[in-house]
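Q: Kindly generate the complete structure, drawing on both the sequences and the hints.
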Amino acid sequence: AQKVTQAQTEISVVEKEDVTLDCVYETRDTTYYLFWYKQPPSGELVFLIRRNSFDEQNEISGRYSWNFQKSTSSFNFTITASQVVDSAVYFCALSEGNRGSTLGRLYFGRGTQLTVWP
Amino acid sequence: GAGVSQSPSNKVTEKGKDVELRCDPISGHTALYWYRQSLGQGLEFLIYFQGNSAPDKSGLPSDRFSAERTGGSVSTLTIQRTQQEDSAVYLCASSSPSVTDTQYFGPGTRLTVL
Numbered sequence: 001a002q003k004v005t006q007a008q009t010e011i012s013v014v015e016k017e018d019v020t021l022d023c024v025y026e027t028r029d030t031t032y033y034l035f036w037y038k039q040p041p042s043g044e045l046v047f048l049i050r051r052n053s054f055d056e057q058n059e060i061s062g063r064y065s066w067n068f069q070k071s072t073s074s075f076n077f078t079i080t081a082s083q084v085v086d087s088a089v090y091f092c093a094l095s096e097g098n099r100g101s102t103l104g105r106l107y108f109g110r111g112t113q114l115t116v117w118p
Numbered sequence: 119g120a121g122v123s124q125s126p127s128n129k130v131t132e133k134g135k136d137v138e139l140r141c142d143p144i145s146g147h148t149a150l151y152w153y154r155q156s157l158g159q160g161l162e163f164l165i166y167f168q169g170n171s172a173p174d175k176s177g178l179p180s181d182r183f184s185a186e187r188t189g190g191s192v193s194t195l196t197i198q199r200t201q202q203e204d205s206a207v208y209l210c211a212s213s214s215p216s217v218t219d220t221q222y223f224g225p226g227t228r229l230t231v232l
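Here the protein sequences line up with chains S and A, keeping their order.
Our numbering puts the first residue of the first sequence at 1, with every later residue one more than the last.
Our numbering puts the first residue of the second sequence at 119, with every later residue one more than the last.
Rather than coming from a laboratory, the hints here were simulated on the basis of the structure.
Everything numeric in this text was worked out from a predicted model, so none of it was measured.
Beta carbons: idealized from backbone N, C-alpha and C, even for Gly.
One thing to keep in mind: the hints can contain errors.
[Stated by the list, open to error] Derived CB-CB ranges, DEER-like:
1) S:Ser42 <-> A:Val130: 17 to 25 Å
2) A:Lys133 <-> S:Thr20: 42 to 50 Å
3) A:Gly189 <-> S:Glu17: 46 to 54 Å
4) S:Phe54 <-> A:Gly134: 47 to 55 Å
5) S:Glu17 <-> A:Glu132: 43 to 51 Å
6) A:Asn128 <-> S:Arg63: 31 to 39 Å
7) A:Val192 <-> S:Pro40: 21 to 29 Å
8) S:Phe47 <-> A:Glu138: 22 to 30 Å
9) A:Gly134 <-> S:Phe47: 32 to 40 Å
A: In structure tokens, the structure reads:
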């Protein structure tokens, strides 16, 4: 079973629109970590944010914000006033903290390709 | 400071040949990971090293794949008798002493097996 599901394969928006990328995760661990990475056309995975399972506080960083809800096992990512430079593939990932052999390993969703048109 | 570096950036090889991919982690990072990104499988875990502990090899897809990490720093991923399905981007990541810390990725090696 998929541990991380990103149901949106592709999203297209016009510049200045707000866009939300969905991420649903599955784990039995009580301690876990959630991540978002950005992969621009250059190919390198760029770290955006890390949250641990004990901290449900939402976070805002400039035009980026993240909504973590344990009740729905979701960790959604919103870009406000999108820009062309936001065009990339965005990956949500999970790391489990309780299981010895998988400790630290990242489970990735399949990614969402975001295209922002001028 | 310097990030994770990988070499070569691109590798084209013929089916049946062996290849070696190299990863230089961020200085001071004791945990090192290899992942593979392909169109069909997405991003999948291959192997990780943490300090002097035995590596977790559970993600390696076959015994043609192996990896080592010398001196707790540089790592080499070796693929023997390459097959066309090995074509993918191989990504290396490293993290600071706690294995649950953020993993920072290198630019990857694009492997093409003809």
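Q: Against this structure, judge whether each hint is valid.
A: Against the structure, the hints come out as follows:
{"no.": "1", "hint": "S:Ser42 <-> A:Val130: 17 to 25 Å", "verdict": "holds (20 Å)"}
{"no.": "2", "hint": "A:Lys133 <-> S:Thr20: 42 to 50 Å", "verdict": "holds (44 Å)"}
{"no.": "3", "hint": "A:Gly189 <-> S:Glu17: 46 to 54 Å", "verdict": "holds (50 Å)"}
{"no.": "4", "hint": "S:Phe54 <-> A:Gly134: 47 to 55 Å", "verdict": "holds (50 Å)"}
{"no.": "5", "hint": "S:Glu17 <-> A:Glu132: 43 to 51 Å", "verdict": "holds (47 Å)"}
{"no.": "6", "hint": "A:Asn128 <-> S:Arg63: 31 to 39 Å", "verdict": "holds (34 Å)"}
{"no.": "7", "hint": "A:Val192 <-> S:Pro40: 21 to 29 Å", "verdict": "holds (27 Å)"}
{"no.": "8", "hint": "S:Phe47 <-> A:Glu138: 22 to 30 Å", "verdict": "holds (27 Å)"}
{"no.": "9", "hint": "A:Gly134 <-> S:Phe47: 32 to 40 Å", "verdict": "holds (37 Å)"}
Hint violations for this structure: none, all hints satisfied.
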